[in-house]
Amino acid sequence: MRVLVTGAGGFLGGHVIDELLRRGDDVGALVRPSSTARAALEERGVEVVPVDLRRPDEDLGKRIASYEAILHLAAGVGASWRATFDTNVLATENLISALSETGWTGHFVHVSSFAVYGFNQLKPKSVIDEATPLEPEPGRRDDYAWTKLLQERVVRRLEGQAGVEVTIVRPGAIYGRGREFQWRLGRPLGERVVLLLGGGNRMPLNYVGNTASLLVECAHNPAAAGEVFNAVDPHPITQREYLRAWQRAEPIKVVRFPLSVYRAIGRALEMVHRKIGGRTQPPIFLDSYVMEPSLRQFRYDPSRPTTVLGWEPPVSIVEALRRTFEPGSSDADGWHGRVPQRVRRRRRRRRPVARPGRARSEYRQRRDDDTPPLPESPPSAAASRARRRGRDVGP
Amino acid sequence: MTRVAVVGLGGIAAQHLEKLNRLRGVEVTGICDLSRTLVDAVGERYGVGPGFTDYGEMLVRARADVVHVLTPPQTRVELVLRALECEAHVFAEKPIAPNFAGYERMRDAAVQRGLLLVENYNYRYMAAVVGALEIARAGRLGRLINLDVTLSGALGGASYSDPDIPHFAHSLPGGAMRNFASHPASIVTQILEDWDAVAVHRRTLKPGFPGSDELRALVAGDPVSATITITSHAKPTRLFVSLQGADASLECDAFAQRLHVDAGSPELARITNAIRHGVSHLRSSAATLRRATTTREGYFQGFESLLEDFYAAVAGRREPPITVRDMDATNRLVEDLLAEENRV
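Those protein sequence lines, which keep their order, are chains H and G. With this note's numbering, letter number 315 in the first sequence gets 315, and the count goes up by one each step, no holes. With this note's numbering, letter number 209 in the second sequence gets 209, and the count goes up by one each step, no holes.
Just so you know, the hints here were simulated from the structure itself, not pulled from any lab data. For every residue, glycine included, the Cβ atom is placed at its ideal position computed from N, Cα and C. Take these hints with a grain of salt, some might be off.
[What the hints assert, rightly or not] Below, in silico cross-link-like pairs of lysine to aspartate or glutamate (EDC-like), each with a Cα-Cα straight-line distance of 20 Å or less:
no.	chain 1	residue 1	chain 2	residue 2
1	G	19	H	191
2	G	19	H	270
3	G	235	H	191
4	G	19	H	287
[What the hints assert, rightly or not] Facing chain H, according to a computed beta carbon distance under 8 Å, are these residues of chain G, among others:
no.	residue
5	10
6	11
7	292
8	293
Using the sequences and the accompanying hints, generate a full structural model.
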């Protein structure tokens with residue numbers, strides 16, 4: 001099958017290319033002309049289409065017309081709202097227009113985001129699935145969520161086109177080696193310092209290998225046509241558990257900040273805003289409408305890809321965490337696993353993983369357990385101190 | 001109600017639309033850009049519109065009293081002239097034109113029709129800068145001798161280094177530096193009405209950056225001289241104004257809203273100045289914290305006051321906040337700063 005991947009030079013793109021090659025597909029990679037991934041892609045036998053989608057290209061339709069499936073991954077967060085808009089919306093519009101003008105037929109798999117859901121309208125602990133209503137006030141969310149919603153609208157224009165099948169995949173928080181930090185943890189305070197907001201929230205994590213596998217499955221499986229899938233791993237872990245796995249591999253300092261206090265500050269600023277007639281606006285990181293979607297506790301239903309496609313995530317949470325954080329794991333050897341020089345230096349210095357067996361046992365119980373995970377009770381202060389010192393205090 | 005149209009929905013448009021939405025007596029009746037998707041999305045987000053992709057159609061249908069022209073400077077002259085032909089006042093982003101000749105065409109057309117044409121010098125409207133200029137004009141510093149203006153952190157954004165879609169500013173005469181030069185120039189020209197010579201040192205600190213990303217200039221005048229520094233790699237982003245007079249000196253850190261005057265009798269100066277410094281730091285910390293937690297204005301602290309004054313002038317309630325004389329001097333100084341013959 002001839003498959004084109006947009007955003008192939010990115011984090012997810014590299015894993016998708018690998019998965020397609022593993023399946024024996026004839027792969028094309030649409031990358032920006034300046035992309036540093038071009039040489040690596042060509043070495044792997046991938047046909048490189050150097051195009052910047054942010055700019056209309058009259059020949060684009062002809063250059064990509066021969067592909068039977070397109071995986072549209074290209075997205076990002078720019079330096080300004082307009083840069084984000086151009087990357088996510090205008091680029092998609094240019095691609096869709098090129099396909100429409102040439103009368104392209106095939107399967108278009110669009111990578112959207114969990115960010116499109118209307119989290120603020122949901123009660124805590126609600127189940128998020130593909131039927132969850134989309135954000136009703138996109139303009140109040142951050143630029144990324146706003147533009148991803150607009151991007152979906154643009155993609156849906158393809159749905160009416162004869163011979164075109166559209167699948168939309170909404171991944172949760174994609175992680176893997178090279179993308180360890182997650183915004184759902186809180187805020188980065190420095191290179192190795194994380195401001196942890198709360199700690200007990202289960203994150204809608206999606207290991208990058210699983211995202212790539214689902215996207216490739218969607219391109220191949222006719223049952224995916226016209227469907228929407230959430231890409232989220234089963235057995236979600238909490239912010240604390242994720243950070244603990246990371247801290248075993250790297251000396252990450254965590255500054256804890258109580259979620260209740262953080263929310264109280266946000267609410268106080270909102271009150272001030274209302275009192276003085278809307279003439280103030282809290283900064284993004286204190287705007288509860290923007291922040292609450294990543295801070296509120298929800299449950300995530302990962303079942304639809306399995307039900308509709310018969311697909312199962314190939315990488316368990318234990319293995320995903322090992323590949324992400326453990327030195328010498330398989331991802332480290334992949335061409336897309338390139339990490340900046342300063343990070344490589346840091347990794348050389350870090351201490352060996354203390355007790356990989358403990359991490360394994362901690363998550364295996366959940367992985368093997370078919371029942372939904374139990375809510376985690378916060379560890380006692382003594383247990384936390386002991387864990388920080390490296391003592392085994394049991395599960 | 002003053003009817004306003006906005007053309008050019010780039011990054012800066014968000015600042016204009018947010019502030020226009022907050023101004024009393026102002027209604028945005030049209031927004032325009034080339035992309036229909038962009039126009040619709042921005043209209044929906046800011047609750048303004050209708051949206052147009054044809055500028056001529058917007059000018060007719062929006063029946064605007066004021067047009068905000070926010071497109072790249074290379075396109076601005078024609079758009080401003082068309083707005084003036086429709087008897088609309090114009091508020092234009094900086095730099096108002098790619099060169100002085102373009103500015104003159106717009107200025108002459110506006111003066112001829114008795115319409116307002118204002119270039120956005122919002123840094124000059126920041127509270128600390130306004131305070132500094134008032135102190136200098138009131139004579140509290142004595143006879144003025146020198147003025148230094150430093151803008152650091154300019155040209156630092158990723159958009160200026162995008163190799164695939166180069167920033168529009170790189171193709172301006174004088175390079176991307178023209179996009180920033182009017183900020184310090186608009187402050188210097190409040191003190192120096194004229195100057196004898198300009199000597200400029202420019203260099204490129206970022207490897208591969210198109211054009212220069214640092215400018216240091218001496219503006220030699222009589223009795224006052226000035227220095228201007230625009231640097232992209234010194235952090236943090238800062239606008240620093242220093243004024244030296246025969247009786248006292250003044251320092252102003254505009255984004256931090258800090259302003260203090262060093263003066264006093266020779267015996268007590270070290271003590272009184274130390275107290276003044278402490279008080280000004282406390283005040284500026286409180287003001288910065290307040291703004292940082294209640295606004296998203298970032299480096300646009302003075303923009304809202306400038307717009308308020310501009311719309312008051314449109315309504316005939318006051319003089320224009322930025323006069324033709326201000327724009328003449330600023331654009332002339334920008335030309336001198338970027339002229340090849342002034343490079344040393």
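| field | Structure-inconsistent hints, enumerated in ascending order | value | 1
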